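There are 2 protein chains.
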Amino acid sequence: MTSEHLETHFRGRRVLITGGLGFIGSNLARRLVGGGAEVTLVDSLNPDYGGNLANLAGIEDRVRVNISDVRDHHSMKVLIQGQDYLFNLAGQTSHMDSMRDPETDLEINCRAQLSILEACRHYNPDIRIVFASTRQMYGKPDYLPVDEKHLLRPVDVNGINKMAGEWYHILYNNVYGIRACALRLTNTIGPCMRVKDARQTFLGIWVRLLVEGKPFEVWGGEQLRDFNYVEDAVDAFLLAATHDDAYGHAFNLGAEPPISLLDTAKLLVEAAGEGEYVIKQFPADRKKIDIGDYYSDFSLIRDRLGWEPRTTLLDALRQTVDYYRQHLAEYL
Amino acid sequence: MTSEHLETHFRGRRVLITGGLGFIGSNLARRLVGGGAEVTLVDSLNPDYGGNLANLAGIEDRVRVNISDVRDHHSMKVLIQGQDYLFNLAGQTSHMDSMRDPETDLEINCRAQLSILEACRHYNPDIRIVFASTRQMYGKPDYLPVDEKHLLRPVDVNGINKMAGEWYHILYNNVYGIRACALRLTNTIGPCMRVKDARQTFLGIWVRLLVEGKPFEVWGGEQLRDFNYVEDAVDAFLLAATHDDAYGHAFNLGAEPPISLLDTAKLLVEAAGEGEYVIKQFPADRKKIDIGDYYSDFSLIRDRLGWEPRTTLLDALRQTVDYYRQHLAEYL
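If you're matching them up, the sequences are chains W and Y in order.
For the record, in the first sequence the residue sitting at position 236 is 220 according to the working numbering, with numbers rising by one throughout.
For the record, in the second sequence the residue sitting at position 277 is 261 according to the working numbering, with numbers rising by one throughout.
Don't take each hint at face value.
Identical chains share a label here; the pair holds if one copy fits it or two copies do between them.
In the DMTMM-like style, the derived pairs of lysine to aspartate or glutamate whose C-alpha atoms are separated by at most 20 Å in a straight line are [stated by the list, open to error]:
hint, residue 1, residue 2
1, Lys250, Glu240
2, Lys198, Glu87
3, Lys271, Glu87
4, Lys271, Asp181
If you're looking for bench data, these hints aren't it; they were derived computationally from the structure.
Small disclaimer: the values here were computed from a predicted structure and weren't measured.
Assemble the whole structure, with the sequences as input and the hints as a guide.
Here's what the structure looks like:
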């Protein structure tokens, strides 16, 4: 099946997206309404996170927006009912924020997840759930590319809490039969990402500064990474939701080939046709939670669900820069 | 060093034990006061958990007892100050309770742990911490014996939350330099264990019924397990605390050879010189979180810290039965 038609599977189905006004959630919503799904978006619009009403431009009238926090279990208990699918994307994503305020990270990434799953168990056990997990839980790799057999050794509070959050989903699948699976996202980029700061991805602040005509900072530069364009990540969510044999598993997303941060910076400048960067030493407080090189082996999801990224990094960067050249003001 | 003298390392040192009125905590306290340590015990005396004032018989006047819950962060913040060592043993241990009430398990095994570590970071960064972790987080083994390289794939909420709790400790060691390590306990048995029910260990209820002259139930019977006598587990806590190269690591405890539940039942009857058991089918609700055979490879702690269990299972069972023949009434 070509990914252009993935969303048609959801025609007339009721879909709830937590973090639905965020970067990936809103891109997912756009695809789903295009396919004829009845989409409800839950988002706290907490200014520290990724939610932004601007992300709904053009589909405002085709989705239901419910402003509430996943920590509000009364609200979640009501919203979960009657849904066919839950794309569970709400999360605290900043590594540094998780160290500064570990309890808030725990509340969102652990407790709220457990509470959502309990709500599903009691009020909608037939729902299907795809959870947005993260490569962050692998920590500093023992080997590359990192596959799902790699030990989880998180290097920050966020990685620990996301690990627990992912496992609650797998457990509720295995014990209670609530169909749930997880995608361990790598660096995802594209229109609607947070560019105000580096809370969601360092590439956000790069793009912002570039579009503002200012030099952006490359910390270190030699570290290897892989990047997914948001539409490719959305494909993975749609595929996972519709494949019964995805449930109970956690899958790496990823891209080939890996690229250094310095080469990523060069490619961004190439994509934009302009721009400058400066190389900076890695700040000391980040060094301790740095993971060195990271890139994924995503053969499990490729072999099992037929997913692979289709967008080159150059194209991804071009579309991202084009978007923020038009829309930057809505993201500051 | 012979383990008889391990506790002399703690002479004059200030030691805090959470879960200090519990099974392992109270045995540890006994050894530490014998070595001349200044011991403070924190315990909630929550009747669902392991704390019991009877566990202090004979050392009541040589320890300071502070009744409070590890979820009470104000209390912990005060108690942590001025301590040289923290043996962090308070936890919710029942697998079934964690499924019935996952949020309470999360509060105790995740949030309280994070809060204790934050208190250490802010008010006593020089403390040394040994955390009581569990083999439960490995889930159903891929291979036997299970070493620390085995993936963590918990099969119940308790296993997930303990996994997070352990990782907070390792993380605070690695990022903030708060010396902390973890022992992944296997089935621990001995005097002062909870025998009222199976919340702490199924062997508790076996011993209780045997001492009461009633048949005990063996569920299944073929599953292999390993058991540590509590004094051997206490050795491991003392050793880990005094070895600088333990910090930042998680170590399996364990025993050789593994033994089936049926053979354990027979050995218990042999140790007691009397007793009966009946074989029962595994209950359906437990089957889903059953892990099949489990026994540890404990060569990491043996090679690095020189720990190994010294008590045979037969001796462990004898001493346990003897204890409850005298003290059962205090544990019901």
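Against the structure, the hints:
In this assembly of identical chains, the alpha carbons of Lys250 and Glu240 lie at most 20 Å apart only when taken from the same copy (17 Å versus 58 Å across copies). Proximity of Lys198 and Glu87 under a CA criterion of 20 Å is satisfied in neither setting, with 35 Å inside one chain copy and 47 Å between copies. Taking the shortest alpha-carbon separations for Lys271 and Glu87, neither the intra-copy value of 22 Å nor the inter-copy value of 34 Å comes in at or below 20 Å. In this assembly of identical chains, the alpha carbons of Lys271 and Asp181 lie at most 20 Å apart only when taken from the same copy (19 Å versus 48 Å across copies).
Checked against the numbered hints above, the structure violates hints 2 and 3; every other hint is satisfied.
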